[in-house]
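Residue numbers (the working numbering), protein chains in the order written: chain A, 15 to 433; chain B, 15 to 433.
Since the hints were derived computationally from the structure, they do not count as laboratory data.
Since we're looking at a predicted model, the values are computed, not measured.
Watch out, some of these pointers could steer you wrong.
Which copy is meant is left open, because identical chains are indistinguishable; a pair holds if it fits in one copy or across any two.
Here are the simulated DSS-like cross-link-like pairs (lysine-lysine), alpha carbons at most 27 Å apart as the crow flies [claimed, not checked]:
(1) Lys376 x Lys396
(2) Lys319 x Lys376
(3) Lys105 x Lys83
(4) Lys319 x Lys82
(5) Lys105 x Lys333
(6) Lys431 x Lys273
(7) Lys119 x Lys83
(8) Lys319 x Lys105
(9) Lys333 x Lys384
(10) Lys108 x Lys431
(11) Lys376 x Lys431
(12) Lys426 x Lys108
(13) Lys391 x Lys119
(14) Lys82 x Lys391
(15) Lys273 x Lys391
(16) Lys333 x Lys396
Listed below, chain by chain, are the residues.
Number of protein chains: 2
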Amino acid sequence: MPNDPTPETNGRSPNVQLGALHGVRVVDLTQFEAGTSCTLTLAWLGAEVIKVEEPTRGEQGRGASTDKKGVDSQYFMLLNANKKSVTANLKTDKGRAILRGLIEKADVFAENFAPGVIERLGFGYDVVREINPRIIYVSVKGFGEDSPYKNYLAFDMIAQATGGAMSITGEPDGRPIKPGPTIGDTGTGLHAAIGVLAALYQRQFTGEGQLIRCAMQECVINYGRISYAAQYLWGHAAPRLGNQSIMGTNSPSEAYPCKGGGPNDYCYIYTSRANQQHWERILKLMGREDLIGDPRFDSPEERFKNRHVVDEMLSAWTKQYDKLEVMRRLGEQGIPAGAVMDTMELSNDPDLNRREIFVTVKHPVRGDFKMPGWPVKMTGSKVPITAAPLLGADTDAVYRELLGFSAEELAKLREEKVI
Amino acid sequence: MPNDPTPETNGRSPNVQLGALHGVRVVDLTQFEAGTSCTLTLAWLGAEVIKVEEPTRGEQGRGASTDKKGVDSQYFMLLNANKKSVTANLKTDKGRAILRGLIEKADVFAENFAPGVIERLGFGYDVVREINPRIIYVSVKGFGEDSPYKNYLAFDMIAQATGGAMSITGEPDGRPIKPGPTIGDTGTGLHAAIGVLAALYQRQFTGEGQLIRCAMQECVINYGRISYAAQYLWGHAAPRLGNQSIMGTNSPSEAYPCKGGGPNDYCYIYTSRANQQHWERILKLMGREDLIGDPRFDSPEERFKNRHVVDEMLSAWTKQYDKLEVMRRLGEQGIPAGAVMDTMELSNDPDLNRREIFVTVKHPVRGDFKMPGWPVKMTGSKVPITAAPLLGADTDAVYRELLGFSAEELAKLREEKVI
Chain A
15 MPNDPTPETN GRSPNVQLGA LHGVRVVDLT QFEAGTSCTL TLAWLGAEVI
65 KVEEPTRGEQ GRGASTDKKG VDSQYFMLLN ANKKSVTANL KTDKGRAILR
115 GLIEKADVFA ENFAPGVIER LGFGYDVVRE INPRIIYVSV KGFGEDSPYK
165 NYLAFDMIAQ ATGGAMSITG EPDGRPIKPG PTIGDTGTGL HAAIGVLAAL
215 YQRQFTGEGQ LIRCAMQECV INYGRISYAA QYLWGHAAPR LGNQSIMGTN
265 SPSEAYPCKG GGPNDYCYIY TSRANQQHWE RILKLMGRED LIGDPRFDSP
315 EERFKNRHVV DEMLSAWTKQ YDKLEVMRRL GEQGIPAGAV MDTMELSNDP
365 DLNRREIFVT VKHPVRGDFK MPGWPVKMTG SKVPITAAPL LGADTDAVYR
415 ELLGFSAEEL AKLREEKVI
Chain B
15 MPNDPTPETN GRSPNVQLGA LHGVRVVDLT QFEAGTSCTL TLAWLGAEVI
65 KVEEPTRGEQ GRGASTDKKG VDSQYFMLLN ANKKSVTANL KTDKGRAILR
115 GLIEKADVFA ENFAPGVIER LGFGYDVVRE INPRIIYVSV KGFGEDSPYK
165 NYLAFDMIAQ ATGGAMSITG EPDGRPIKPG PTIGDTGTGL HAAIGVLAAL
215 YQRQFTGEGQ LIRCAMQECV INYGRISYAA QYLWGHAAPR LGNQSIMGTN
265 SPSEAYPCKG GGPNDYCYIY TSRANQQHWE RILKLMGRED LIGDPRFDSP
315 EERFKNRHVV DEMLSAWTKQ YDKLEVMRRL GEQGIPAGAV MDTMELSNDP
365 DLNRREIFVT VKHPVRGDFK MPGWPVKMTG SKVPITAAPL LGADTDAVYR
415 ELLGFSAEEL AKLREEKVI
């Protein structure tokens with residue numbers, strides 16, 4: 015860090031732009047994605063995030079999906095940028111003493127172990143608060159703490175199933191489909207980060223930390239909020255509607271096939287029920303001014319009734335052009351339209367790279383690694399993105415600086431397999 | 015508010031539990047969902063959120079999807095709980111003066127108008143910062159501020175298409191499917207809330223506000239982050255994989271059909287590649303201990319190769335029981351499993367209602383209204399949830415208290431159609 019934090023200014027000077035969370039220290043026991051995405055968010059905002067890992071294999075995400083045995087997975091690298099890594103064997107007394115030392119100097123403690131594990135390790139909230147009453151303790155689980163499912167294991171897909179996301183995704187006559195974005199995992203991690211940030215703000219007035227709990231099932235429900243309006247409208251559980259809007263009453267509201275015929279050669283075209291002009295602009299663009307005022311299409315209700323005619327007409331037009339051309343022609347006329355972009359197109363997009371929506375970091379083993387960066391742009395907070403740390407990369411530096419360990423002590427702890 | 019905020023304690027007393035953001039005032043010009051979900055989050059955390067609306071129809075979301083003309087839509091009610099509503103016609107000088115007065119007394123300013131609109135109204139960031147340099151100004155758009163698409167309109171589905179979510183959702187041989195959860199809208203609003211919270215924390219040290227920008231396309235990319243690991247693994251754009259995990263290398267990792275045969279009678283069953291025990295527990299539960307050690311299934315790689323055999327075996331078993339029974343039997347044995355729950359099942363779930371994941375508020379026109387609550391549980395911050403305000407419900411109270419208007423002045427402004 016460029017400056018030592020002091021209580022008054024937290025190390026800030028008007029001449030140096032720091033991250034919003036400069037001076038906030040996070041003791042990070044998270045694993046896989048639902049917890050690591052929370053601490054990743056805090057790291058992107060400038061917090062000092064210290065991953066505390068088991069000394070031999072490290073956090074489970076390192077090896078879980080790797081293509082090269084012994085090399086950290088890309089999955090791990092995507093979730094642990096900008097963090098530090100230290101090791102501590104929490105099954106030893108000395109390892110637990112180290113963790114206690116870190117907790118004393120931290121603002122935030124984060125974990126998402128399987129139910130009961132953190133308590134068995136001896137670091138439940140009551141214990142941690144005793145060590146440091148100012149600490150904000152964030153705990154991510156699959157299900158709520160007094161849910162009938164509270165002891166069940168959960169991963170992203172379990173949360174997407176039990177949180178309703180799958181029931182509202184898929185073709186109308188098809189089976190439930192899991193959304194590709196990991197809203198059960200990263201979606202929950204972002205909620206957890208919101209809790210931490212709110213508690214950090216609150217602490218400046220109360221002087222006290224608190225416990226924050228997020229359950230993956232429950233956070234997925236929050237992303238599906240609008241489907242409860244659909245449930246009111248339809249009088250039964252919100253249905254799957256293919257590519258229709260969630261209320262299921264718009265037309266056009268569909269991904270239309272474009273030239274090329276590849277798996278993602280589609281462009282979504284939408285008209286808001288609040289704005290009849292969208293539709294008239296489409297007709298003008300397609301050279302069908304003759305249909306302006308046609309009673310079959312002249313209100314959102316009528317257009318929806320005749321949506322098969324609308325879809326046929328639009329498809330015939332969109333198939334003439336590639337998806338980006340369709341998007342451009344519609345977008346320039348003030349019609350909501352978006353090409354279905356795939357991950358390769360996005361990560362190669364020069365604009366998104368220039369804007370640091372994708373960033374390339376240097377990893378000590380894998381070399382250049384391109385990954386999504388932090389999408390929230392703040393004029394007063396900018397944090398460079400660095401690669402995920404190798405296991406224990408910061409053990410010596412952190413333990414010297416924060417815990418005052420000497421080189422001899424570190425060597426001994428290493429010999430004893432504590433670190 | 016129970017106490018007047020003061021600079022020292024922000025109105026806090028050790029005896030009264032307040033929301034984490036107690037004393038934070040938000041001037042809210044957001045509409046539809048991507049912006050309103052940001053300010054809803056702040057309201058749930060205890061901020062005073064004042065919606066400033068056009069005096070005759072109000073924010074567009076009120077009428078856009080309503081089933082009863084003149085009555086606020088459920089869509090609107092889901093996104094505007096815990097907020098206040100005041101009216102001001104920003105096309106009049108007096109209306110703009112009112113907004114300036116509110117900005118002077120606010121901590122946060124939020125907007126998600128179509129590109130260029132807020133500047134045309136005369137309330138771009140430069141103007142607002144001039145009025146109040148401490149203000150945190152959050153602006154949500156479809157695309158980045160210097161993107162080639164920056165002037166295009168966007169709605170949830172446009173962001174889901176252009177942010178990659180549709181390309182990774184759907185059947186392997188099917189077309190791209192839009193995830194039901196509104197990650198383009200609410201997903202972006204949560205990112206925007208993170209930016210505001212981080213800036214509020216930072217302001218205590220810098221004394222200054224800042225500009226926060228979120229683009230819907232770019233926030234959707236963040237939810238699809240893991241698919242970039244899949245892209246590395248596969249060497250091409252991340253594919254659609256039905257219900258497989260995003261890396262596409264697990265078995266079992268599927269929604270299996272259960273007794274009943276309804277559209278959501280499925281249970282997702284997953285085994286982590288990091289934990290071979292999950293599979294052995296499944297075999298024991300199904301009474302197939304004889305297959306423990308069978309080389310076809312004895313590693314994640316082999317199981318994935320033989321996934322069709324695995325799927326057939328599991329389906330035959332799951333079809334005997336209803337989805338909750340399947341979930342219970344597996345969950346109790348430490349196997350990750352989740353029933354596909356629909357919105358009706360979730361909103362009727364007694365546990366989720368007791369935990370206030372669903373809350374019932376009283377709306378002055380619609381009466382009792384059940385809606386998802388705030389899923390992040392904080393021991394130090396609790397805010398009761400109240401129904402979305404009718405248009406202008408708080409005009410008189412807010413303008414008297416904050417701007418010092420008299421009853422006569424309010425009557426005159428009303429007569430002049432300013433409020």
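Cross-check of the supplied hints:
In the homo-oligomer, the alpha carbons of Lys376 and Lys396 lie at most 27 Å apart inside one protomer (19 Å), although the nearest pairing across protomers, at 43 Å, exceeds that limit. Taking the shortest Cα distances, Lys319 and Lys376 never come within 27 Å of each other, neither inside one copy (54 Å) nor across copies (34 Å). Only within a single protomer do Lys105 and Lys83 lie at most 27 Å apart by alpha-carbon distance; the minimum there is 25 Å, versus 64 Å between protomers. Within a single copy, Lys319 and Lys82 get their C-alpha atoms only as close as 54 Å, which misses the 27 Å cut-off; across copies the closest is 19 Å, which meets it.
Proximity of Lys105 to Lys333 under the C-alpha cut-off of 27 Å is found in neither arrangement, the shortest distances being 62 Å within a copy and 42 Å between copies. Taking the shortest Cα distances, Lys431 and Lys273 never come within 27 Å of each other, neither inside one copy (61 Å) nor across copies (51 Å). Taking the shortest Cα distances, Lys119 and Lys83 never come within 27 Å of each other, neither inside one copy (35 Å) nor across copies (58 Å). Taking CA atoms no more than 27 Å apart as the test, Lys319 paired with Lys105 passes in neither setting, with 65 Å inside one copy and 37 Å between copies.
For the homomeric pair Lys333 and Lys384, neither the shortest alpha-carbon distance inside one copy (33 Å) nor that between copies (43 Å) is at most 27 Å. Taking the shortest alpha-carbon separations for Lys108 and Lys431, only the intra-copy value of 10 Å comes in at or below 27 Å, while the best inter-copy value is 72 Å. For a Cα distance limit of 27 Å, the shortest separation of Lys376 from Lys431 qualifies neither inside one copy, at 29 Å, nor across copies, at 60 Å. Taking the closest pair of Cα atoms, Lys426 and Lys108 come within 27 Å of each other only inside a single copy of the chain (11 Å); across copies the shortest separation is 74 Å, beyond that limit.
When the C-alpha separation of Lys391 and Lys119 is checked against a cutoff of 27 Å, the pair qualifies only between copies, where the shortest distance is 25 Å, while the shortest distance within a copy is 29 Å. In this assembly of identical chains, the alpha carbons of Lys82 and Lys391 never lie at most 27 Å apart, being 34 Å within a copy and 39 Å across copies at closest. For the identical chains of this complex, Lys273 and Lys391 are neighbours neither inside a copy (35 Å) nor across copies (49 Å), given an alpha-carbon limit of 27 Å. Neither within a single protomer nor between protomers do Lys333 and Lys396 lie at most 27 Å apart by alpha-carbon distance, with minima of 43 Å and 53 Å respectively.
Of the numbered hints given earlier, the model fails hints 2, 5, 6, 7, 8, 9, 11, 14, 15, 16; all others are met.
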